[in-house]
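Listed below are the residues making up each chain.
Protein chains: 2
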Amino acid sequence: MEQERRRIRMPNKEVFPKGSQAVANFTGAAFVNMLVPDGSGTYNCQVYDVIFEPGCRNDWHSHPGGQILLCTDGIGYYQEKDQPARRLQRGDVVEIPPQVEHWHGAAPDSSFTHIGISPNTRKGGATWLLPVTDEEYQQATGGNNHV
Amino acid sequence: MEQERRRIRMPNKEVFPKGSQAVANFTGAAFVNMLVPDGSGTYNCQVYDVIFEPGCRNDWHSHPGGQILLCTDGIGYYQEKDQPARRLQRGDVVEIPPQVEHWHGAAPDSSFTHIGISPNTRKGGATWLLPVTDEEYQQATGGNNHV
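Which chain is which? The protein sequence lines are L and G, in order.
Using full-length UniProt numbering, you'd call the opening residue of the first sequence number 1 and step up by one each time.
Using full-length UniProt numbering, you'd call the opening residue of the second sequence number 1 and step up by one each time.
Hints are not guaranteed to be accurate.
The list treats identical chains as interchangeable, and a pair is accepted whether it falls inside one copy or across any two copies.
Said to hold, decoys possible - Listed below are the simulated SDA-like cross-link pairs for lysine to any residue, each with C-alpha atoms no more than 20 Å apart in a straight line: (1) K123 to P84; (2) K18 to D73; (3) K13 to S111; (4) K18 to P54.
Derived from the structure by calculation, the hints contain no laboratory data.
If we strip away everything but chain L, and leave its shape as in the complex, we get:
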């Protein structure tokens, strides 16, 4: 019975170890494991694993070279400016074109894990903008956009 309860609460083991807590650009606690930092620029691409605690999301931002998210665990959200939020779960893939302002993060009642891929890093890093307010987050995650 204890076994079963544990399985229901944690159905999937994380693929990658939990990284360090992010110190900026997030509301709430997120843990980032840089899998491919590409310090030499050989790949023109960075890869990282992010675990968001429930309610955590990053600030509005954009990438000059675009971004790809591979959702691996939990429930999350992705929202582009002036668009309804998209609810995300394990197996979902998000393509974020260059320069599109957006945020991503966990559902209010679930953690969320995604692999992030930033291609074309030679074009520069992310442009960070304002935090996602509680009102914006509640509207994005509490409405009738659940699929």
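With chain L held as given, fit chain G onto it using these hints.
Positioned in the frame of chain L, the structure of chain G alone reads:
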């Protein structure tokens, strides 16, 4: 008891659905799910999930823009030309520099799943070379290179 046996045999649910069987460049059966085909070239990057059946490996090949592997399930191997093979498991990351001749695939007695990332696709696709012979595969996977 039946529950427990099932959990032991399949400890990790696949993150992505099984794709179509590859029709070329593999010895044995591999299933490729193209997650980000990037037909428009927006991301200069392709992302795909590959499930290798036990004993399956791809042919020797190289990528003009390099390749990154994120290992998510099972046991596999990665070998560069004239180097000992590296044994791979869930959570391992492989960085394959541009133009380096190599192969990857499953262990003889285990399936293997990895996410593949091909950055810099504008530089061109993979150059496919000879199949990995049974002798090469056996030497790579059956020796004392187990870690």
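Now the hints, each set against the structure:
1. K123 to P84: neither (28 Å within a copy, 36 Å between copies)
2. K18 to D73: Intra 13 Å, inter 17 Å, cutoff 20 Å: intra and inter.
3. K13 to S111: both (13 Å within a copy, 18 Å between copies)
4. K18 to P54: Within one copy, since 15 Å is at most 20 Å while 29 Å is not.
In the structure shown, a violation is registered for the earlier hint numbered 1 alone.
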